[in-house]
Amino acid sequence: MLIRTENIKKTYRLGAVDVAALRGVTLDIEQGEYVALMGPSGSGKSTLMHLLGCLDTPSEGKYWLAGKDVTTLDDIELARLRNKEIGFVFQSFNLLPRLSAQANVQLPMAYAGVRSRERAERAKELLTLVGLADRIHHRSNQLSGGEMQRVALARALANRPSLILADEPTGNLDSHTGAEVMALLDGFAEKGNTVVLVTHDQHVADHAKRVIRLCDGLIETDR
Amino acid sequence: MQLLDLLKLSLDTFRTHRMRSFLTALGIIIGVMTVIAIVSLIQGMNYEVERQIASLGSNTLYVQKFGWGMGRLDFDEIGQRPDLVIEDAEAIARLPGIDRVAPERSRTVSRITWRGNRATTVDMVGSTPSYATTTNLRVETGRFISSDDSLRKRAVCLLGGQVVDDLFGNEDPVGRRMNIEGEKFTVIGVLARKGSFLGQSQDNVVVIPLSTFEKLYPLPRNRMARIFGGLSIGATPKPNVPLERVLDQVRELMRRRHGLGYDKPDDFGINTQDTLREIYRNITRVAIIVMIAVAGISLLVGGIGIMNIMLVAVAERTREIGLRKALGATNRDILWQFLLESILLAAIGGTIGIIIGIGIAKLAEVLAHLKAAAPFWTIALGFGFSAGVGIFFGIYPASRASRLNPIEALRRE
Chain A
1 MLIRTENIKK
11 TYRLGAVDVA
21 ALRGVTLDIE
31 QGEYVALMGP
41 SGSGKSTLMH
51 LLGCLDTPSE
61 GKYWLAGKDV
71 TTLDDIELAR
81 LRNKEIGFVF
91 QSFNLLPRLS
101 AQANVQLPMA
111 YAGVRSRERA
121 ERAKELLTLV
131 GLADRIHHRS
141 NQLSGGEMQR
151 VALARALANR
161 PSLILADEPT
171 GNLDSHTGAE
181 VMALLDGFAE
191 KGNTVVLVTH
201 DQHVADHAKR
211 VIRLCDGLIE
221 TDR
Chain B
1 MQLLDLLKLS
11 LDTFRTHRMR
21 SFLTALGIII
31 GVMTVIAIVS
41 LIQGMNYEVE
51 RQIASLGSNT
61 LYVQKFGWGM
71 GRLDFDEIGQ
81 RPDLVIEDAE
91 AIARLPGIDR
101 VAPERSRTVS
111 RITWRGNRAT
121 TVDMVGSTPS
131 YATTTNLRVE
141 TGRFISSDDS
151 LRKRAVCLLG
161 GQVVDDLFGN
171 EDPVGRRMNI
181 EGEKFTVIGV
191 LARKGSFLGQ
201 SQDNVVVIPL
211 STFEKLYPLP
221 RNRMARIFGG
231 LSIGATPKPN
241 VPLERVLDQV
251 RELMRRRHGL
261 GYDKPDDFGI
271 NTQDTLREIY
281 RNITRVAIIV
291 MIAVAGISLL
301 VGGIGIMNIM
311 LVAVAERTRE
321 IGLRKALGAT
331 NRDILWQFLL
341 ESILLAAIGG
351 TIGIIIGIGI
361 AKLAEVLAHL
371 KAAAPFWTIA
381 LGFGFSAGVG
391 IFFGIYPASR
401 ASRLNPIEAL
411 RRE
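Chains as they are written, first to last, in my numbering: chain A, 1 to 223; chain B, 1 to 413.
In short, the hints are calculated from the structure, not lab data. Predicted model only: the values in this text are computed from it and were never measured. Please note: incorrect hints may appear among the correct ones.
[Claimed, not checked] No farther apart than 30 Å at their CA atoms in a straight line, the calculated lysine-lysine pairs in the DSS-like style are these:
| # | chain 1 | residue 1 | chain 2 | residue 2 |
| --- | --- | --- | --- | --- |
| 1 | B | Lys184 | B | Lys194 |
| 2 | A | Lys124 | A | Lys62 |
| 3 | B | Lys153 | B | Lys194 |
| 4 | B | Lys8 | A | Lys84 |
| 5 | A | Lys9 | A | Lys62 |
| 6 | B | Lys8 | A | Lys124 |
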């Protein structure tokens, strides 16, 4: 079991009012699963993604990732977990614009303390894997949207994470480049990576083997 | 994240924001530059002043109407004091520890002319043959004043190198007759050059016999004019007699000659090289305090500038911080990233300041002939202080960056 959540809740304070974003989600995701998290805005899917990605901790409930109880970890341990176990893919790519494609891919490895020669080799390998062998030294602001998202995919794989978390990965792309990106994600899943997609797009969700629908902070359906 | 990665990151930021980084570092540059330049100049001046003071005659004391010093002088009281007279000098000369005594008077001469050439604002000294010994004067050509010159009140003079240049150019002045404010004087010798001190020539001088001086320029009736125009008596102790012992002898003698009771303060002053050194030290002490204040203020302002720009950088790079955290940066990684940036900014500014400061010192060396050199401790201090400013003013923005919530940070556009 890679992911196990037990009745996790998340409550935000907005001024004087408490807003419940998640009201008790229990969820198991096996190693190697390809899962889509769906739901309308305000359903709590972003909050769930942040919790699964260890960017935030739940107000209540338990969360185990790769056997670790995330709710008991401190800042440094959370950072290490994000670094080693999770590969993020964002809707807006989030590359550092002044750095080359290679340097962007190397970033998680730098925080993991990987030696620089090894970093460079793996970055080149990964960029070749996503079809950007000829863009290695381009600064990321010289790349097209599709290329940027492919760099982000390569970056997500850098430390061989056990979980790839993709938040609307095609949201800022046209349908053609979006399809290319999805094909790459499909490929990662086929090779045994655990992929969790967060999307409100049914076509994107259709790529996944399992679709979890959230509504008002609770799981509505799980197929 | 390794230190090398962080260093590269900071340097990359400076390269991207060249102008901004330079302007931010400017306060530090100015602060450190001021310290280095002023300390170097003071060092150079110390050296030069020490040389000048030493040239006064290391072992000479001067009996004058009042003591040199930094304090406010009560001229009303000094004006009441008895004038020093030649007989005082003669009495001092008879003291057992005394070797040479040279009474002197001096005034400023507005012009000296010879065949249409003129020298202006020349220091005129009237003294006796011993003057050459008490003040370390050397005669280059011709001869010094003789006792015969004094006795006969001859209108003869020795010239400083500057006066020779102004009046005679390359001609030999010895034996020439020239006009000093309407009086005819014959040149009997030329003094060896002393060089200039802080841009002021020490060779713009003419020496005549004291007796001639007294005859031509008697002391004015005005009490104030008598304070500065009066007699000054230079005296050197015999070899192997310490100056301090002679100092006491001279003081006792003068008190006796002036009939002072034991409870009355001195109505004269005895000045030495050490008196001058003390005055000089007081002046440079003030200069150093002013310098520390200026440097401190500019380092403070520079530090605030750094803090300001680092806060801007943190705000601008909020998304980047969020992303870095998502990719596994710890709070500490982020703290170091921004702290190192501000330390580097300040340290680079400090280094530039050191280089410019040394440059100014070198310039002073060429232009003012000062042996200005920055001592190593100022360089170390300048660098250490600027790095310290980087840490002190960088820690707040850096810790703010490190505490950013990654989710909020990533959401920021």
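Hint check results:
1. Under the criterion of a C-alpha separation no larger than 30 Å, the hint pairing Lys184 of chain B with Lys194 of chain B is consistent with the structure, at around 26 Å.
2. A threshold of 30 Å between alpha carbons decides the hint, and for Lys124 of chain A with Lys62 of chain A the separation of about 38 Å lies outside it, so the pair is violated.
3. Of the pairs offered as hints, the one joining Lys153 of chain B and Lys194 of chain B holds, with about 27 Å between alpha carbons and a cut-off of 30 Å not exceeded.
4. Taking the CA atoms of Lys8 of chain B and Lys84 of chain A, the gap is about 23 Å. The hint holds against a cut of 30 Å.
5. For the given pair, Lys9 of chain A sits about 9 Å from Lys62 of chain A by alpha-carbon distance, which is consistent with the 30 Å threshold.
6. At roughly 20 Å between alpha-carbon atoms, Lys8 of chain B and Lys124 of chain A fall within 30 Å of each other, so this suggested pair holds.
Figure legend: structure checked against the earlier numbered hints; the only hint not met is number 2.
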